[in-house]
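Q: So the chains spell out like this:
Protein chains: 2
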Amino acid sequence: MTAVAGIDVGGTKCLGVLFENGKILKSVLRPTPHADQLVVTLAEIARELGDYKTLGVGVPGLITPAGVVRESPNLTGAVEFDLRARLQKELGHEIDVENDATSAAHAEWQFGAGRGATDMWMITLGTGIGGGFVSGSKLQRGSHGFAGEIGHMVVESQGIACPCGQRGCWERYASGSGLATIAGGERGEEVIARATAGDKQALEYLDVFGRWVAIGLVNLTNITDPNVIVIGGGLAESAASVMPPIKKWFKQLLYAPDNREHPELRVAQLGKNAGAIGAALLSAGF
Amino acid sequence: MTAVAGIDVGGTKCLGVLFENGKILKSVLRPTPHADQLVVTLAEIARELGDYKTLGVGVPGLITPAGVVRESPNLTGAVEFDLRARLQKELGHEIDVENDATSAAHAEWQFGAGRGATDMWMITLGTGIGGGFVSGSKLQRGSHGFAGEIGHMVVESQGIACPCGQRGCWERYASGSGLATIAGGERGEEVIARATAGDKQALEYLDVFGRWVAIGLVNLTNITDPNVIVIGGGLAESAASVMPPIKKWFKQLLYAPDNREHPELRVAQLGKNAGAIGAALLSAGF
Numbered sequence: 009m010t011a012v013a014g015i016d017v018g019g020t021k022c023l024g025v026l027f028e029n030g031k032i033l034k035s036v037l038r039p040t041p042h043a044d045q046l047v048v049t050l051a052e053i054a055r056e057l058g059d060y061k062t063l064g065v066g067v068p069g070l071i072t073p074a075g076v077v078r079e080s081p082n083l084t085g086a087v088e089f090d091l092r093a094r095l096q097k098e099l100g101h102e103i104d105v106e107n108d109a110t111s112a113a114h115a116e117w118q119f120g121a122g123r124g125a126t127d128m129w130m131i132t133l134g135t136g137i138g139g140g141f142v143s144g145s146k147l148q149r150g151s152h153g154f155a156g157e158i159g160h161m162v163v164e165s166q167g168i169a170c171p172c173g174q175r176g177c178w179e180r181y182a183s184g185s186g187l188a189t190i191a192g193g194e195r196g197e198e199v200i201a202r203a204t205a206g207d208k209q210a211l212e213y214l215d216v217f218g219r220w221v222a223i224g225l226v227n228l229t230n231i232t233d234p235n236v237i238v239i240g241g242g243l244a245e246s247a248a249s250v251m252p253p254i255k256k257w258f259k260q261l262l263y264a265p266d267n268r269e270h271p272e273l274r275v276a277q278l279g280k281n282a283g284a285i286g287a288a289l290l291s292a293g294f
Numbered sequence: 009m010t011a012v013a014g015i016d017v018g019g020t021k022c023l024g025v026l027f028e029n030g031k032i033l034k035s036v037l038r039p040t041p042h043a044d045q046l047v048v049t050l051a052e053i054a055r056e057l058g059d060y061k062t063l064g065v066g067v068p069g070l071i072t073p074a075g076v077v078r079e080s081p082n083l084t085g086a087v088e089f090d091l092r093a094r095l096q097k098e099l100g101h102e103i104d105v106e107n108d109a110t111s112a113a114h115a116e117w118q119f120g121a122g123r124g125a126t127d128m129w130m131i132t133l134g135t136g137i138g139g140g141f142v143s144g145s146k147l148q149r150g151s152h153g154f155a156g157e158i159g160h161m162v163v164e165s166q167g168i169a170c171p172c173g174q175r176g177c178w179e180r181y182a183s184g185s186g187l188a189t190i191a192g193g194e195r196g197e198e199v200i201a202r203a204t205a206g207d208k209q210a211l212e213y214l215d216v217f218g219r220w221v222a223i224g225l226v227n228l229t230n231i232t233d234p235n236v237i238v239i240g241g242g243l244a245e246s247a248a249s250v251m252p253p254i255k256k257w258f259k260q261l262l263y264a265p266d267n268r269e270h271p272e273l274r275v276a277q278l279g280k281n282a283g284a285i286g287a288a289l290l291s292a293g294f
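Each protein sequence line maps, in turn, to chains A and B.
The opening position of the first sequence corresponds to residue 9 in this note's numbering, with each subsequent residue numbered one higher.
The opening position of the second sequence corresponds to residue 9 in this note's numbering, with each subsequent residue numbered one higher.
One should not assume that every hint holds.
All copies of an identical chain are treated as equivalent in the list; a pair is satisfied when it fits inside any one copy or across any two copies.
[Said to hold, decoys possible] Result set (DMTMM-like, lysine to aspartate or glutamate): computed pairs, CA atoms no more than 25 Å apart in a straight line:
(1) K146 with E269
(2) K259 with E88
(3) K256 with E98
(4) K256 with E79
(5) K255 with E194
(6) K255 with E79
(7) K259 with E79
Keep in mind that the hints were calculated from the coordinates and are not lab data.
Model the full assembly from the supplied sequences, consistent with the hints where possible.
A: So this is what it looks like as structure tokens:
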């Protein structure tokens, strides 16, 4: 038995995978329950996945190295929720709990679009923005496990109010919610569909959106100098429409663009499985 | 002979130090010459420092791992300037060339305010803003040696125009130049002197300035989760006036402030010597 198991706790669904030799052997999908039912649901997914060497769980939000969920946008009311200890008790064996974006970054670095990078950012453009990074050929978690909360990087100090309490957070502009705001309330998926069909107004919205995404990517590049940036999350599924304006603006906005190598902007390859695969790998020390 | 030598190439002065067992044995100061005289001047400083095991030079701007100055604000016209090869030829031995802020960060981490940090930012608030960082207990340079160009992190997308060609770069607001802008053209030193004397208007300027500094520090914290942030550069010399508003705003602006440990904000300890000491240490592999 060399397969490793990972479960990604998403906003609406929990996805479990059994992973071995670079391949998914089995997947299990369940609706994300209320926080008080989470441990039971995760244990059911784990048992259904079958035999595994180790198990890791990826959760959005502030996750401590001890596997305590400090605060999570997908688990309302889960403050100081000791997920690792509770799930270990339920399953009777050790498990690992990681931030979901850190997990996804690790998976893309090891088996996806980030292969070969010494310094990398993985960003997930979904309802919000998550991130994880590699510096000096090592996955970085920060001093308390909270690195990569890039969605709350302030890019407009007097900008749009964010539910986090601040103003001008990057994810207010460069996420799916941000695209909807740019388009005056139209859903992001609809804007992308219209743009794909060649609608001029929708293409303009995507251009504005691409500039906002690029501002954050440029900031991350000026800060950690990655050679690869992997773009994932729901919006990356429409890469043909979304990526060209991001790339155009990135070149224009980067500091000293003519005197430096630019990072490669790559589309994520592992899709919705990245978080679960990464959690599985990290649980086994890969 | 176990002493190591470092030279920091500043905007107006080049400072050389001979460093051993945590102490500066000797210093040499010379005006920074035009780029075409730089190699000769640095060689003179090196010879005047006396016997050393290794020599490192810290230079602001984009410095490649091979010691080529791609672009430097302190060396006008120095584009693709092969400083390492030229100085090696002049001196007849190998030398190391590093980014000055990376060098300063390393020195503060090893011998200054950053001791004990696993994840750290050192920021220098001077005419502009420089930075260097430690992640996972390792000094990070990025994939091309260009990490830490944090002064050009965009914090106000339609903000003040920066000489770099972009708008709203952090250093337009949170450096000495930024403080002067906030104060309507008054020099930063004068604002600080008035604030120290209790002048209400000057204290208000410093409060606005502190908010801008904090926005950038919060961004860096959300991105890499340091346990220590070291604040150096000319403005840190007035820490009693400058630090209280920075600390106040930092607590207010941090993402999820009640659910996480905050990094310690510490004032740099090595002053103007940090860059030269760090370059010396890095040249010897410390």
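Q: State for each hint whether it applies.
A: Here is how each hint holds up against the structure:
1. Proximity of K146 to E269 under the C-alpha cut-off of 25 Å is found in both arrangements, the shortest distances being 21 Å within a copy and 23 Å between copies.
2. Taking the closest pair of Cα atoms, K259 and E88 come within 25 Å of each other only across two copies (20 Å); inside a single copy the shortest separation is 42 Å, beyond that limit.
3. Proximity of K256 to E98 under the C-alpha cut-off of 25 Å is found in neither arrangement, the shortest distances being 50 Å within a copy and 43 Å between copies.
4. In this homomeric assembly, K256 and E79 come within 25 Å of each other (Cα to Cα) only across copies, at 23 Å, whereas the closest approach inside a single copy is 36 Å.
5. In this homomeric assembly, K255 and E194 come within 25 Å of each other (Cα to Cα) only inside a single copy, at 24 Å, whereas the closest approach across copies is 40 Å.
6. For the homomeric pair K255 and E79, the shortest alpha-carbon distance between copies (23 Å) is at most 25 Å, but the shortest distance inside one copy (33 Å) is not.
7. Taking the shortest Cα distances, K259 and E79 sit within 25 Å of each other only across copies (17 Å), while inside one copy they are farther apart (36 Å).
Checked against the numbered hints given earlier, this structure breaks only hint 3.
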